[in-house]
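K.L.:
Protein chains in written order, with our numbering: chain S, 1 to 363; chain Z, 1001 to 1144.
Some hints here could point you the wrong way.
Some chain S residues well away from chain Z (every beta-carbon gap over 12 Å; in silico) [stated by the list, open to error]:
#1 T22
#2 I149
#3 R166
#4 E296
#5 N331
#6 G362
Example chain S residues on the side facing chain Z (calculated, C-beta under 8 Å, incomplete) [claimed, not checked]:
#7 R209
#8 D212
#9 N302
#10 K351
Please keep in mind that the hints were generated in silico from the structure rather than gathered at the bench. Every residue, glycine too, gets a C-beta built ideally from N, C-alpha and C.
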Amino acid sequence: MFLGKKPDRIKREGDELCCELTPQLELSMPVMFSAMSYGSISYNAHKSLAIAASKLGILYNTGEGGLHEDFYAYGANTIVQVASGRFGVHEKYLEAGAAVEIKMGQGAKPGIGGHLPGTKIGSDISRTRMIPEGSDAISPAPHHDIYSIEDLRQLVYSIKETTGYRKPVIVKVAAVHNIAAITSGIARSGADIIAIDGFRGGTGAAPTRIRDNVGIPIELALASVDTRLREEGIRNNVSLVVGGSIHSSADVIKAIALGADACYIATAALLALGCHLCRTCQTGNCNWGIATQRPELVKRLNPDIGSERLINLMTAWNHEIKELMGGMGINSIEALRGNRLMLRGVGLNGKELEILGISHAGE
Amino acid sequence: MKRVFVDEQWCLGCHLCEYNCAYANSGADSMVKALKDRQIFPRVRVEDTGKITFALSCRHCSDPICVKGCISGALSKGTDGAVRIDRDKCVGCFTCILLCPYGAVMAGEGGAAIKCELCLENACGAPACVAGCPNRALVYEERG
């Protein structure tokens, strides 16, 4: 399957079909590993994700921490992120990835930035992030150069200019109450893909009150965005990727039927690596060698084993997705996208069903 | 020949290889019976310097000095390359322990020496330490 801007209509020059498309990302299955920075997670965790992504033919995301020089080899399966802190962003970095993602917001903590404690900034991370060793890495809440869609458009096109219009640009936003209007703006800003990150996604390191109370569920956000973009006739301008609370292959199917093109997973991937969800990532004392930089803990995660587990998880999901689609009598993921007739609601009220655009079970 | 190699980069010093070794060579049908409340005699030892840990077992040298030095002919190198010990022949002089440059021969239960035989002589058939290593620090493979 392909992510990126799709043409609105078939164009011909004389009798010849115009086959030129804007840059697309090719995936073997509609799931990608979401952004987790090198720094927040360990070298070995990053390497596991990189190896697994390249073997599976999907993509993983560097997060905002830059790309370690060892991982440039996995560039074809890497999404490089540009976030508000601009850590580790330089021309070679942008060139290294298959796509560039601008992070405007994150589902676990909409409206606030990030804070990587100085204790996690060792020599390797300091070099990758291009910040002094031991200093706190603070990502501001906003991009200080983006306060409107026009500003965002400038950044999108700066990145496109830098990368020679060869790489799709993703804009990632958190799912909040006016998400439909926000994505409508982003779809007109030149972005090729919009990533929406839902309520209660990921990180154990977000402030608890914000993590538990800010943001909206991804299903409602996705349904309203897909509906709005279709109504405005700009759905083909962008692909939609959703993340945040994608727990199983059934969630992937539901998301695609509600209108997504692909899903981002992070917690599920970390669970495959051995995460026990103790939710104390910020302490840097991860027992499983994932969210830590202490060498004696990092070595507990062997990337050969980690990547095998990730491949097992994704292969299983892939089989389950195909099985579910087979049950529906659908033979391509494109035929499932936005096919809300395949969904029914149980225990939802009328308003929720209306926003989701689905019928109640029995109807 | 295939040997057991350790990658200290991944060795966590958890000592599970020692327990798996002792269990595999005990002949007991459960790990609890083999290990609980007993002094164990593993043929692999985890060397620990505080920062670096690695599990060490017999290297099965191409020209084993322990075999040369054995006064009773208990140690022998088979056609498969593995160095084995016949505990019935061993007189417990421990010359092999003194000779081994790696410290990979140990005193076993009852006085005779023990050493890694790659689990070729017990029910496992392949090294139990490798199978039980949780972080794939031990591998059983052929290297040039």
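K.L.:
List in ascending order the numbers of the hints, as given earlier, that are violated by the structure.
P.N.:
4, 7, 8 and 10
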